[in-house]
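K.L.:
Sequence:
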Amino acid sequence: MNQPDHTTDDTPTPARRPTMLRRLLSHHELATLLLLLHAPIDASAKPEIPQLQEAGLIETVSGDSGASRFRLTREGNAILRGLGVK
1 MNQPDHTTDD TPTPARRPTM LRRLLSHHEL ATLLLLLHAP IDASAKPEIP QLQEAGLIET
61 VSGDSGASRF RLTREGNAIL RGLGVK
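Quick note: the sequence shown uses UniProt numbering, first residue 1, plus one each step.
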């Protein structure tokens with residue numbers, strides 16, 4: 001009657017995905033992601049670029065004129081989708 005439940009669940013638990021961000025984004029960084037949502041921007045356009053690149057949210061691409069430009073990565077797009085922007 002009061003026997004312990006011996007049923008086991010043999011289904012494997014999914015591996016935890018690593019967390020994308022280790023910190024909160026500033027409002028300036030979020031604004032930069034929104035700018036990048038619509039078009040790549042010039043490398044010198046915003047001071048938040050190095051932090052966003054380090055976080056893996058943006059990547060460098062070469063423009064038509066050979067100048068470096070930045071665009072969103074899949075992770076950057078995921079952040080905006082999580083905010084309901086995309």
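It should be emphasised that the hints constitute simulated quantities derived from the structure, not laboratory data.
Do not rely on the hints blindly, as some may be mistaken.
Claimed, not checked - Computed beta-carbon distance windows for the label pairs:
{"#": "1", "residue 1": "Glu54", "residue 2": "Leu34", "range": "14 to 24 Å"}
{"#": "2", "residue 1": "Arg23", "residue 2": "Gly66", "range": "32 to 42 Å"}
{"#": "3", "residue 1": "Asp64", "residue 2": "Leu24", "range": "28 to 38 Å"}
Ideal placement from N, C-alpha and C gives every residue a C-beta, glycine not left out.
K.L.:
Which numbered hints are broken by the structure, listed smallest first?
P.N.:
none
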